[in-house]
Amino acid sequence: MNLARAATIILAKELRTEFRTRELLTTTVVFVLVVVVLFSFAFDPTAAESRRFGPGLLWIAFLFAGSLMLHPSFTREQANETLAALRLAPIEPLAILLGKILANFVFLLLSELLLLPVFVVLYDLSLTPFFVRLLPLLLVLALGTLGLTTVGTVFSAVASQARLRELLLPLLLLPALAPVLIASTEVTVGLLADPPQLQRNWLQILLAFDLVFLTATWLFGEYLLEE
Amino acid sequence: MARGVKTPWLSTLLVAALIGGAGYAALFLAPAERTMGLIQRIFYFHVPSAWAGFVAFGITFVACIAYLVKRAPKWDWLAVSAAEMGVVFFTVVLVTGPIWAKPVWGIWWTWDARLTSTFVLWVLYLSYLVLRTLVGDAERRAVVSAVFGVFAFLDVPLVYLSIWFWRTQHPQPVIGGGGMDRHMWPPFLLCWAALLGVMVLLLRQRYRLEALRHEVQEISLTADFAASQGGFSPVPRGGSRVPSLKGAAR
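Chains as they are written, first to last, in our numbering: chain G, 157 to 383; chain H, 2 to 251.
Next comes chain G alone, as it looks inside the complex (with noise of 0.2 Å):
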């Protein structure tokens, strides 16, 4: 079986899994909503200031959100024991890692796809024009997504197999994705700006970022799921 099916087959898995019960979705979309109150209760910010902190503190809300969202990822495998059921499916190690990548990819971009126009509303933002403001922040937001997931669901792998995981992942997480972290916030505010700009270099960062740990994932993931 090539990788390509082999992935999209965990990946419909994975989908199916989340989507009879729907909680993942449902617990990051309230745990980013406590983050942003929580936020406007340490800080008091003023309309500018909102304006001002919004896209920081969404990129942070989403990558706390993003560091406990993944989580799952393989504990909830080991719960059932499934994943040596996985293992021992006839497809490449590879594949899994890439199907629960994408899987991830999809839960966490969703949940901020529902929580984009939460936002717009609390700290009083235009996506508009389409074209300038709206598409360019979907690119951003996929890509930032992307990064996230790819390094979260391999450190999710790393974390599973030790002490205190839960606690685990977000301390290996969050430092790694200083680049995601900065290079989204700053593609955001300048998007979010009045006029809006993009900013090419950041959006190069963020596509590097992306690159390289495709590839680390592709040469060095599947160790991380041999017994």
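There could be a bad hint or two in this list.
Claimed, not checked - Result set (DMTMM-like, lysine to aspartate or glutamate): computed pairs, CA atoms no more than 25 Å apart in a straight line:
1. K169/G <-> E179/G
2. K169/G <-> E233/G
3. K169/G <-> E378/G
4. K71/H <-> E322/G
5. K169/G <-> E322/G
6. K71/H <-> E216/H
7. K71/H <-> D225/H
8. K75/H <-> E85/H
9. K71/H <-> E205/G
10. K75/H <-> D280/G
11. K75/H <-> E378/G
12. K169/G <-> E237/G
13. K75/H <-> D225/H
14. K71/H <-> E179/G
15. K103/H <-> D182/H
If you're looking for bench data, these hints aren't it; they were derived computationally from the structure.
Keep in mind the model is a prediction, meaning the values are calculated, not measured.
Here the structure of chain G is known, so what remains is to put chain H in place on it, guided by the hints.
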């Protein structure tokens, strides 16, 4: 069988002489900096420590890849030893930096590009060491920490690049700038060699310690197995699970 942690007298004396000479040169022979004065001399230890730390992290990266490919435990021992050395030397960097910055800039810390990225680098490798303490099985620990070590090292250039872009859009204090007086170079290079020597010496001892730990664990496992089979056990009942280091070292 490992020979135990012997003191490598010759190299210790050599490195001690080197660091003594480097200290003397940096504190007494190097010319005083015109505007910063005495405090500038901390630079002779600050910068070479950073370089020694980078060399150590480079060794960790190579050792991690070598472990994943070859699966010999010695590469794992080298990876953890070098990572610890890197964290130690970058701790020196992060401590000496603010001591210098307070009198010169008037502040201990600023979120300047170089400071921030060094800090992130330090935290990354701290989390590598934390990860290692949390995985029980030696082989699992070696594999997962090697993968993390590779990812962490690949992240370093991206962290530097992004923080560099981020900070250069804002005003920042100037670090260094301008050339060094030519009389500053010999003490600087001497300090560089000395700190690299200290790093290699410590790395070698740390590596031997890791090898011994491994051996102790093997012996302890064999003893447990023998006891469970009802055979002879070198470990007295109710006594320590781990035989003495002396026995292991022979």
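Check the structure against each numbered hint from earlier and tell me which ones fail, lowest number first.
Hints 4, 7, 9, 10 and 14 contradicted; others consistent.
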